[in-house]
Amino acid sequence: MIKGMKTLGLKRKILEVKDLHVHFYTYAGVVKAISGVSFEIYEGETFCLVGETGCGKSVTSRAITKLIESPGKIVKGQVLFYRDGSPIDLLKLSDEELRRIRGREIAYIFQDPTAALDPLYSVGYQIAETMVAHNTATWKEAFRRAVDILKSVLIPDPEKRVKNYPHELSGGMKQRVVIGISLSNKPKLLIADEPTTAVDVTIQAQILDLLRKLRQEEKMTLLLITHNMGVVAEMCDRVAVMYAGKIVEIGTVHQIFKNPQHPYTKGLLKAVPNPLIKIEKLESIPGTVPNLIFPPSGCRFHPRCPRKLDICDKKEPPLIEVEEGHKVACWLYVK
Amino acid sequence: MPEPLVRVENLKKYFPIKGIFFTRAHVKAVDGVSFEIYRGETLGLVGESGCGKSTTGRLLIRLLEPTAGHVYFEGKNIFKLKGEELKRFRRKAQIILQDPYSSLNPRMTIFEIINEALEVHNIKVPDKEEFIVDWLRRVGLERHHLYRYPHEFSGGQRQRIAIVRSLIIKPEFVVLDEPTSALDVSVQAQILDMLKEFQRELNLTYLFISHDLGVVKYMSDRIAVMYLGKIVELAPADELFEKPLHPYTQMLLSSIPIPDPEYALKKPKVKVIGEPPSPINPPPGCRFHPRCPRKLDICDKKEPPLIEVERDHYVACWLYAKK
Ligand SMILES: Nc1ncnc2c1ncn2[C@@H]1O[C@H](COP(=O)(O)OP(=O)(O)OP(=O)(O)O)[C@@H](O)[C@H]1O
Ligand SMILES: Nc1ncnc2c1ncn2[C@@H]1O[C@H](COP(=O)(O)OP(=O)(O)OP(=O)(O)O)[C@@H](O)[C@H]1O
Ligand code: SF4
Ligand SMILES: [Mg+2]
Ligand SMILES: [Mg+2]
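Protein chains in written order, with numbering that gives the first Met the number 0: chain D, 0 to 334; chain P, 0 to 322.
None of these hints come from the bench; they were simulated from the model.
None of the values given here were measured: they were computed from a predicted structure.
Just so you know, not all the hints are guaranteed correct.
[Said to hold, decoys possible] For lysine-lysine, the following DSBU-like pairs were computed, each having C-alpha atoms within a straight-line distance of at most 30 Å:
hint	chain 1	residue 1	chain 2	residue 2
1	D	K269	P	K242
2	D	K72	D	K12
3	D	K307	D	K269
4	P	K195	D	K257
5	D	K218	P	K268
6	P	K268	D	K277
7	D	K75	D	K12
8	P	K195	D	K307
9	P	K268	D	K212
10	D	K277	P	K266
11	P	K265	D	K212
12	P	K321	P	K294
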């Protein structure tokens, strides 16, 4: 079976983001960090957001549970979370209601494990605390379960390690503890924002393996954010490619890698040196990513696009379906 | 084989660290490496964080003094150079770092930054401004950038400025220490191709350091793999990827995520065991033995020598050495 295809048949939504806009009100001007982002995630799949620095991946993932702090503001949009089939709009919930969902039904893993752990408490305490805070266990029970959790994230000697403080662990182990904490309440949706960017490639392989294994065992849905096309290819069922605050293309991992449509996606794929292929010359995308205070008119990619049409700098291209499950926002495909 | 431009012999660098009371402890950052770099080639140096890549690079251009060992540049021991000879070496051997933010003085204009390099190395040209503008154009910058400050440029543009500053003085050997690690892939590709073009045009010799194996493969003629201060394998780039011999190289290569979803399904997997230990007390014998899936009895007792097992393919592992 072709990877990614299975989710097309599945079609039970767990999350639906609709026309999301987030702005940051800075001294230099209003940063339109994301502008009209829409996608849906199906139960049990791994969905990737991929794109270069500043394209809005983290802001999108944080906005899902309103984790946007001043000077940022969610100015428009809906985030529908499907609980037992019926949707609730997370953006309409109170902070208190969201706190109950966050860390329980929807959990996060961020890039920097050091920042996510409190240096003053043992890792066992920090895992237990998440369970107690959400009333899923008593302290006693939670401490006992912390050992199992450390075991499940493949930490050697879990009985000893629960008593360790963060500084006593290596970077790779810390990230596994963070994953353990996020899994402690068996979330339905795990949002992992660049979980392996700060670690070495062999440790990355271990952590990705672990995420794959846990996703299967716990029947979790994974929203994975990365800028690494290799990670996308190895982990994801479906992918959304972001550029300058918008989704430019979305499809199964197979569609995106074997049949990319958007000139940006094509450029991005050709710019990554695949070590298994003999490459004479990499193709690069000219120019740099735009400033989001004054984003380019029309299609935001037009100043760098090798196939720009007359209309491209005038009107914004709609995201249209080019084959089943494969959408692209580019004037080349609008009839 | 042509005469090597750089020859490294049993090079070591230990950094002293504070122990308890008067005990002495050392970080064995580089612990006896030997290799050669030929004129006009790119030698890639890969390995995980802390294995000693940057320390090796800095030793090769004498930004650090070694604990032991030698580096010969054009046949001369660089650690013995003095006066005029040392000055000449300083011009011929340059380094370009990952973070152009910290290597460009924020209070100087681009003109001042590049001009400083020309002055330090006493390079006389009839019209400096024209000369610099000419170079800026070659990296895609313009005359109007001359009197701007580093913070007004993007990361990719700053790296171009750093490249001009290093290459305008006509070096022969350049250590590139993760030159694109801070950049986005689309910009990375621009810089890599630019570095390749300059190499051809100016007949430069590169030591290319990176932890991104795809990038190293694209840039290098030969690749050396480091683990805990040692070179464990050295081979022509294509051969290293097609036929990695050292168990560590095999683990490293199988860990790289490949941007091809079909390949991802059938990719050979070497299970990653443990994490790299500390370079303060490296394991005895082969330093990789605690993580090695193919460990032999001898491996934790005696250190394997780096031997040529096939033409130009060196490996330090007891699986391939005579015991
Ligand atoms: N607190 C903030 N104040 C102002 N602008 C912000 C703030 N946070 C994010 N932004 C802007 O929002 C845009 C999107 O940022 P985001 O962090 O989502 O990017 P990203 O895709 O996650 O990038 P990276 O790969 O670097 O993590 C960027 O242009 C960024 O400058
Ligand atoms: N000035 C120093 N004093 C003490 N220890 C040092 C010093 N410089 C480097 N080290 C140590 O030497 C070892 C090798 O460091 P080095 O920077 O050469 O590694 P690297 O391979 O370049 O790693 P990275 O991929 O993280 O850049 C590390 O353990 C490092 O902590
Ligand atoms: S020398 Fe032994 S321990 Fe080291 S890599 Fe070879 S087989 Fe493994
Ligand atoms: Mg981010
Ligand atoms: Mg380094």
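Hint check results:
{"no.": "1", "hint": "D:K269 with P:K242", "verdict": "holds, 25 Å"}
{"no.": "2", "hint": "D:K72 with D:K12", "verdict": "holds, 26 Å"}
{"no.": "3", "hint": "D:K307 with D:K269", "verdict": "holds, 18 Å"}
{"no.": "4", "hint": "P:K195 with D:K257", "verdict": "holds, 28 Å"}
{"no.": "5", "hint": "D:K218 with P:K268", "verdict": "holds, 24 Å"}
{"no.": "6", "hint": "P:K268 with D:K277", "verdict": "holds, 22 Å"}
{"no.": "7", "hint": "D:K75 with D:K12", "verdict": "holds, 21 Å"}
{"no.": "8", "hint": "P:K195 with D:K307", "verdict": "holds, 29 Å"}
{"no.": "9", "hint": "P:K268 with D:K212", "verdict": "holds, 15 Å"}
{"no.": "10", "hint": "D:K277 with P:K266", "verdict": "holds, 18 Å"}
{"no.": "11", "hint": "P:K265 with D:K212", "verdict": "holds, 17 Å"}
{"no.": "12", "hint": "P:K321 with P:K294", "verdict": "holds, 15 Å"}
In summary, this structure violates none of the numbered hints.
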